[in-house]
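Undergrad: Protein chains in written order, with the UniProt record's numbering: chain A, 1 to 365; chain B, 1 to 486; chain C, 1 to 486; chain D, 1 to 382.
Please keep in mind that the hints were generated in silico from the structure rather than gathered at the bench. You can take every hint at face value.
Simulated coverage check for chain D against chain A, where a stretch passes if three residues somewhere in it have a Cβ under 8 Å from a Cβ of chain A: (1) 112–120; (2) 182–189; (3) 354–362.
Computed cross-link-like contacts, SDA-like style, restricted to lysine to any residue with a CA-CA straight-line distance of at most 20 Å: (4) A:92 with B:393; (5) D:137 with A:297; (6) A:35 with B:390; (7) D:114 with A:349; (8) B:291 with A:74; (9) D:114 with A:209; (10) B:201 with B:320; (11) A:35 with B:370; (12) A:73 with A:39; (13) B:270 with B:328; (14) A:157 with D:231.
For every residue, glycine included, the Cβ atom is placed at its ideal position computed from N, Cα and C.
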Amino acid sequence: MEGKSMISESQPESAILLTKIKEFTRGLLVNLSNKHSPIILIDRFRNHCTLPDSICFCSSNLPCDKEVLTLCKETHVHRLDVMLRVLLIVQKLLQENKHSSKRDIYYMHPSVFLDQSVVDHAINDICVLMQCSRHNLNVVSAGNGLVMGWIRFVEGKKIFDCISSPNTAHPIPVYVEEIKDIVSVAQYILVVEKESVFHRLANDQFCNSNHCIVISGRGYPDIPTRRFLRLLVENLHIPAYCLVDCDPYGFDILTTYKFGSMQMAYDTKHLRVPEIYWLGAFPSDSEKYFVPKQCLLPLTAEDKRKIEAMLLRCYLQREVPQWRLELKMMLEKGVKFEIEALSVHALSFLTESYIPSKLHGQVNI
Amino acid sequence: MEFSSVQKLCLHLISSAYQRCRLSEQICRLSVGLTCSSSSDPSLKISISDTGLGSSLVEFQEMRFSFANVADNWDGMLSIKTTSISDSEIHNYQINLKESGSSRITKLPSDAKNGAKFSGSEVCLSTIVNPDLLLAEIHNLLEKMLILNIPNVAIQLVAEDSDVPESRYEEVFLANTCEQLPISTSSLEHLKSGLEDYVLKHGNNLSDHCTSCFTRREEVKVGSGVACSSENRLHTELVMEAVLAISNISTQNTTCFREYGDKTEVLYFKDFSPSTMSPSSMKALKSIDWKRYGLHLGRIVEQDGIALLEWENLPTDTHIDIVLHSYLKQYPTSETAKHITGIPAPRKRSQIDRSLVKRAIKFSLDDLKAKHFGDFLSSRALQIRNYAPDLAQTIAGLIFSSSDLNFQRECFSLLGLQSQDVGTEIMENSIMEKIVSVIEMNDKDPDKSKEIAPFLFEEDDHIQEELEVEFQENYLSPLDLDINMF
Amino acid sequence: MEFSSVQKLCLHLISSAYQRCRLSEQICRLSVGLTCSSSSDPSLKISISDTGLGSSLVEFQEMRFSFANVADNWDGMLSIKTTSISDSEIHNYQINLKESGSSRITKLPSDAKNGAKFSGSEVCLSTIVNPDLLLAEIHNLLEKMLILNIPNVAIQLVAEDSDVPESRYEEVFLANTCEQLPISTSSLEHLKSGLEDYVLKHGNNLSDHCTSCFTRREEVKVGSGVACSSENRLHTELVMEAVLAISNISTQNTTCFREYGDKTEVLYFKDFSPSTMSPSSMKALKSIDWKRYGLHLGRIVEQDGIALLEWENLPTDTHIDIVLHSYLKQYPTSETAKHITGIPAPRKRSQIDRSLVKRAIKFSLDDLKAKHFGDFLSSRALQIRNYAPDLAQTIAGLIFSSSDLNFQRECFSLLGLQSQDVGTEIMENSIMEKIVSVIEMNDKDPDKSKEIAPFLFEEDDHIQEELEVEFQENYLSPLDLDINMF
Amino acid sequence: MEDLRTSTLKFFTDQHLCYADIVPPAQVRARIEVSVLSFLKILNASNPAISDLPLIQRKLSNSRVNHSLLTELSYVFLSNSVSIRSLMRPNAGKAFVRVWKVMEMCYQILLQEKRVTQRELFYKLLCDSPHLFPSQKDVNRTIQDLVALLRCSRYSLGIMASSRGLIAGRLIMQEPGKEAVDCSVCGSSGHTISGDLSLLDKLILNTDARYIVVVEKHAIFQRLAEDRFFNQIPSILITAKGYPDMATRFLLHRISRAFPDLPILALVDWNPAGLAILCTFKFGSVGMGLESYRYACNVKWLGLRGHDLPMLPDQSFVPLKTKDLQIAQSLMSSKILQENYKEEVTLMVQSGRRAEIEALYFHGYDYLGKYIAKKIVQSDYI
Ligand SMILES: [Mg+2]
Ligand SMILES: [Mg+2]
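So here's chain A without its partners, still in its complex pose (with noise of 0.2 Å):
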């Protein structure tokens, strides 16, 4: 849409969407009186291509694309119905200042939205629409993050005081923007695939003897997560390092840290960690650490396909040849394995040999 917001920047970010909403509505309005169909221009984002030679720009957070939305075509029109319905809400959401779910959303309207993800869509159509990111939307995901450490925090009015008893998992908060006081003796973070390990790490009391922040996303990390693993780098200037399952979503999870994910690239600027190291699982690991045979299962036909075609991510070339050496050797193994893999002669291997090794030694990409 035309039209572009001249707000000032010290107005509240709710405030300066709600006048980008209410411009969005006021140029839909002008067209139809103009009778002219609204036509509406969203951006396409990547965060990578398979483009063989590195001459891209997906790093640049350039959209890549745009997209075209007119009255003339019926999928276009469910759409900007759908997102019409979606600005609603978020403009109520705004006002009242309340908080919602993508689910929330969906259920409002089921039978207009059929699937979640056409909501999802939507948001991320708005998101773009709005230059703004999705929590700005005051649209949450139920946070699944955990986090336990030598961290204490703010979030609103609660504290999260995980430095009392740095073993015990806190949920990582909703509303990431409203964190503040931030207080960390930590001297690095472990971000850990699946909350199973974060629980193996808190029995064995690892932060007691590791001045560290655990943080788990439990399996495909959420925005919250994301969005706090990145406060905290930004904040404690500390390093990050990923320790993931030695398979192919194992390796997915770490570049959704790294790299974000194609579902919000148009944010991916906010939500990628570039600085995160990959501790592991690294293919090779099943060798050094005396990996029992029988817990390598093979690939399946999609975990192969899925590896070929993260291959072609043209960000591992261009940015971390190391770890794509290591994907095609897992590729090449033909084998996988679980974190749970490198504890079977000892409970606390993780705690005591795998982690330490790995850190100090300088065992990590």
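Since chain A is already given, all that's left is putting chains B, C and D with the ligands on it; use the hints.
TA: Leaving out everything else, chains B, C and D with the ligands in the frame of chain A:
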């Protein structure tokens, strides 16, 4: 031209007389008289007289009568009187259609005009036929002719039994009984008006307009279009005029009915005479993209030599009438008709016909759509229009739920709504109307809407695919399931 | 009884003589002599003499010789000398087997015994046969007879060419050459011992025990069983004795081999004579539940009229020998043999046979299993036993990982282990041995193991025990969709 | 030690109901030691045998329903009919050895004073005896067996239980010797319920709430917490994000025991699964085995219920799916379900539609709170 019955011959003679009238471009009269004398003579005297251009013998020379099929109820003799405006006398002929060769035409002594300036012809014959049947057929022909609505011809049909004084029947057929069009009006306009009358009379089922169905003439939605062949050698041009009329017939009144029910009878005229439709024109009807106008053509059936269109989604009381008229723009005078080279060969003409029918009907549909805004939308636009209430409701919601009063006021004024007392409904309706009108406008010119490509740049299929894969944001690997659950 | 060759007749005569010796229950001698005179006479003189009970003419009356099949190499004449202990003279007869009717037996003048108390018979015939082949067949028969191991019969086989002084061949067949059994020993014991000898000689492939394979007689594992028909009318009882021997044959020594390789030749005796196996007994062999003893019978093949069992999971150098002996407990004396009504009809006997074979072999297998603890476990027990190391290791692991010394001490003492210095291995082995022995013990008597084993803990009396097959559990109830949630 | 052992010898004989308790590690170890001794004794007896393992059946046929007239509390429990793991039974030897294997693993874990996840346990067992534990399923099943044998909860066996549960509202929880946690100042994310059952057991609870509201969904919980619903109607909010885990049920049970006067009201979707979730809180479930029914709470059904439907917009209904119908079917056939619950299920099936709690947002985001408040005030729950 060969005739297999006296009836058909009569109809042809009437049609010819009509053309002579039409071409004279003066106010003319065409009289058809059927006279019998029930007590003395079993034969019926038929006289067809007109005040049009004088007729030429060429017209009659080509006529043949096929003996085999005809009961011996006619001697084959036509008496012809004719004079053109420039003639100083009235020529008299007698033609025996049952004979061939030079003996068939006998020139009789002429009558003097005594310097009078007039033209006209009279053809008479005497035959033993059922006068009532013949009268009905002639009546039907004249009524159809009326659709062409040629303004300068008045037709009088008289039938009487000279022995029964009260038996006299007389009817006058005049173009434009209801609406006076200026003489200079184009033939298409006349055709439109003629079809309108036809529709208003429920396809001539009534003698006059049906006042219970149509309080105003405008209730019949009419669209018209002309297509001309672009081959314009020798100043002859093939013209196809099409008129479409959409009307509603009340189902309450029993007199309000159409002969073919919901089906559309396609009235076809060729060279200003009613005609049966050519197969090529039928094909043309089939190939029209009716859906672009929200119409769903089912099949085309032929019944009594008439093409009937069956529709699929038409509301029950809605009726569509179509008339097509194909003629050469420079209609040859009777003298030269058969000799002009510019007349396309039959085969060629059928091809041209096909494209002309298609175009003429398309134009008339476009005309209809343009005149009746919001009707005849394409199926696509109709689908899109279904979203209008939702969109309007949401946009109204955006406005009403806004806490910014200035913004609201601005929106009201943009919508042309004066007071702030307007309720949601009024607002919604206003927005919806606008959305609908944009959708309808976009539909008017379907080619134009294609100009805006959905993507400004090439679409990247690969990216699209990956987007879908990644949509499950919080994907759990299968192995994670039972761990996280416990 | 019909014979188709002189050879078969000879074998029968030897067998009969053997029975007479056996039944005398005195130390007897059976001499078979083959004498030829290569230079003067082509015929071979065969003499079969025994010191057993005297023979009765009935034995010979039923003998027939089928002429058709036999080359004319024998005149059909048998000379018989016989006397029983109570006779005062020695009877001499001549029987022409080629004749029938009363003329076939000729009583010759008797010889006086002069008061001497002895019994015995001698049958002689003269025929033109290959002495070497006959000798081999007789040798074979006598060796087989030896398996019965009848202690009171000594057999002497002599063959010589009277024209060639060095040609004399003599062999003596004595029961129990290695092991002296008391005379009173049961026939089953004799059979066992006989089979043992047979096995130790690699199925008579060696003339003596194979010392390279067997340093001790006990290396052959032998099990035996007897089954009797329960129908005991008239004091005749059908007895089936079975002996099974399992041995290992060294594959290094080339002389150590068995004629039928891995297959088991089932030696079959009927009424103390080698016999071919009846189909009913074959069926019985098939129907035995070998798996209960860890044996997997493949198929039964017949080769040279001998039943051979093929095994599926037998170690390569292990060999199984089976001997079956079916006889009537009160073996009729020759005089009454055919007239006793208590002998089951052939059809009946085959039915009885079948069940007797099954039972006798089952008993012998049970015997074998009982004597050789831990061997011949059922497949099921073998499967279960596979779990023993895991289980032992686990329980030892539990004990050793405990930090509670009292608990450990208590465990040691329960296991009968004295010192606490015992290592994991000793502990594991001790537990494993015990587990294995319970498994083996339970397997001995499959019926007994159905008794409910004690529970690990005492339970309420009103336990509704439900036997459950693994993997059918985890039934989901409506409210249980969350089963994995915890 | 000695007296512990003798006492544990009878740890199940005096019960008509069979349940797995939360047992301190020392006692679990003692139970395991008793098991070993008992095994060895029987193995070494004059008539030696390998003792069978008596396990409480985790089958519907062994479940009983208890309706208590006094407390209105109903629950599902497992009666003491036993299924047997025997080494000697055909095809059952593996399951028998598995029980011992897992017992050994758990014993060692308890000695190390650690906890493991079931996945870790799987890997350890896979590495140790791959032939016995080819899949996670085998481990999970065997753990259930062990629970049924030793009659102690999985948690007591040293197996880590992570909880999905959240709590918010007018509740103050205090771990002895630690700072109290006020659940009313925990933002919209609420306070996580720890999976550490013994910690939950030790909590000192304090409340001025009048109601406990059990919420099926995380998002609804978040909304109510953000709106600070518990300040409008003094209440405690609790959610397990779907089907409840043990820890959430345990804590709810603890709170309801500590404050027996607080009605427990459930807010679930109007679909069979919603009711099934409610029922799991209310009655327990057979599949959860011996650990299940102890934490049954007298939960009442607040909404959504049939008579709430007219206020929902048409578009928020979606047709029932096959899975819904399956759940409905089994709910209908359940012995425990009270009549007015069954009527609701019938209504769902007849209408062929389902609706989610979020449908109430049609009337605005704040409507949800009003709706609950109105229902509570009118005692509109069953
Ligand atoms: Mg994983
Ligand atoms: Mg639900």
